[in-house]
Each structure stands twice: as structure tokens, then as C-alpha cells.
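**Student:** Sequence:
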Amino acid sequence: MKIETSSRLVTMMVVMLSSVSIATFIFSERAIERSRQAQQDHFETAEALQEFVANIAALTHNARTFAITGDSHYRSAFWAMLELGTRDNAVDRLSKILIRSDAELALIRSAKQNSDILIELEKQAVSLAERGKRDEALAMLLGPEYIARKSVVEG
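For the numbering used here, count along the sequence shown from 1 and bump the result up by 37.
What the hints contain is simulated information worked out from the structure, not anything from laboratory work.
Just to be clear, a hint being listed does not mean it is correct.
What the hints assert, rightly or not - Derived DSSO-like pairs (lysine-lysine); straight-line CA-CA distance at most 30 Å:
hint	residue 1	residue 2
1	149	187
2	133	149
3	133	187
4	160	149
5	149	170
6	160	133
7	187	170
8	170	160
9	133	170
Since the model is a prediction, treat every value here as computed from it, not as a measurement.
When you get a sec, could you build the whole thing from the sequences and use the hints?
**Tutor:** Rendered as C-alpha cells:
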């Protein structure tokens, strides 16, 4: 009787330890997957932010250089970048990644709104430069409103 009881106890302990071991394994696998997803989200966020900031910098460069030089290459590059919509693609990617966080999503929307204002100022400046008013265009692109908006967007 003692051997049978001992055997049952050992069997129950093996079953319990096996169950705990399986539960721990499943828990750790889920934790690892969440960690991988967080790393992937972090990478994609950083990539999209870099794309957003690089696009803003390139638009500014093309608008300012066109205003300074009058070289139509920079005017064409400016309008082509707007047409491609790479900035909007970056904002869309960020919105999808950060949809779990209302605060971060609000920051992205604010950056986009300020970027939209920058783009409107740049469009006006490029239009002025196209009409030969390059000094006015440059003053707009170096003015306090533009600089303030740009610093907010580039943070």
C-alpha cells in the first residue's frame, strides 16, 4: 500500500511539474513574441520618423535653393517630392504603428499639421520665386514663422 501511494504521489508530482513546465514554456514564448513585436515596431517607427524628417529637410532644401539660385532643377525636385507623397506615406506608417498610443498618435498628427503649414509656406515661396520674386521667397523661407514651424516639426 505504501508503494502504491508513493507511486501515485510521484506520478501526481510529475504531472504537476510537467504542467508547470509547459505553462512556463508557453508564457515565455508569448513574452518573446511580444518582445520581438515591440522591437519590430520600434524599428519601423524609427525608420518612418527618419523618412518624415528627411522628406521635410529635402523639401526645405529644394525650396530654399530654388529661391536662392533660380535653378529649375530644384523647383522640379520640390514639386516632384510633393507629388510622390513620401511624407504622407511616412505619416501613414507612423499612424498604423502607433495606433495603440493616443498620445503618440496626437504628436504625429500635430507634426503633420505643422508640416502641412510648412509645405504651404514653401509652395508660396516657390511660386514667388517662379515669378522672379526670389528675395521675397527667400525672406519667407527664412522668416520667423517658417523657422518656428520648422523647429516644432523637427523637434
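**Student:** Hint by hint, say whether it matches the structure.
**Tutor:** Cross-check of the supplied hints:
1. At roughly 11 Å between alpha-carbon atoms, residue 149 and residue 187 fall within 30 Å of each other, so this suggested pair holds.
2. For the hint pairing residue 133 with residue 149, the CA-to-CA distance comes to about 14 Å; that is within 30 Å, so the pair holds.
3. Taking the CA atoms of residue 133 and residue 187, the gap is near 24 Å; set against the 30 Å cutoff, the hint holds.
4. With a C-alpha separation of about 16 Å, the suggested pairing of residue 160 with residue 149 holds against the 30 Å cut-off.
5. Note on residue 149 and residue 170: the hinted pairing holds, with a Cα-Cα distance of about 28 Å set against a maximum of 30 Å.
6. In summary, the hint linking residue 160 to residue 133 is supported, as the alpha carbons are separated by about 28 Å, within the 30 Å threshold.
7. A threshold of 30 Å between alpha carbons decides the hint, and for residue 187 with residue 170 the separation of about 22 Å falls inside it, so the pair holds.
8. Distance hint between residue 170 and residue 160 is fulfilled; the C-alpha atoms sit about 13 Å from each other, no more than 30 Å.
9. Under the criterion of a C-alpha separation no larger than 30 Å, the hint pairing residue 133 with residue 170 is inconsistent with the structure, at around 41 Å.
Consistency note: the structure conflicts with earlier hint 9 alone.
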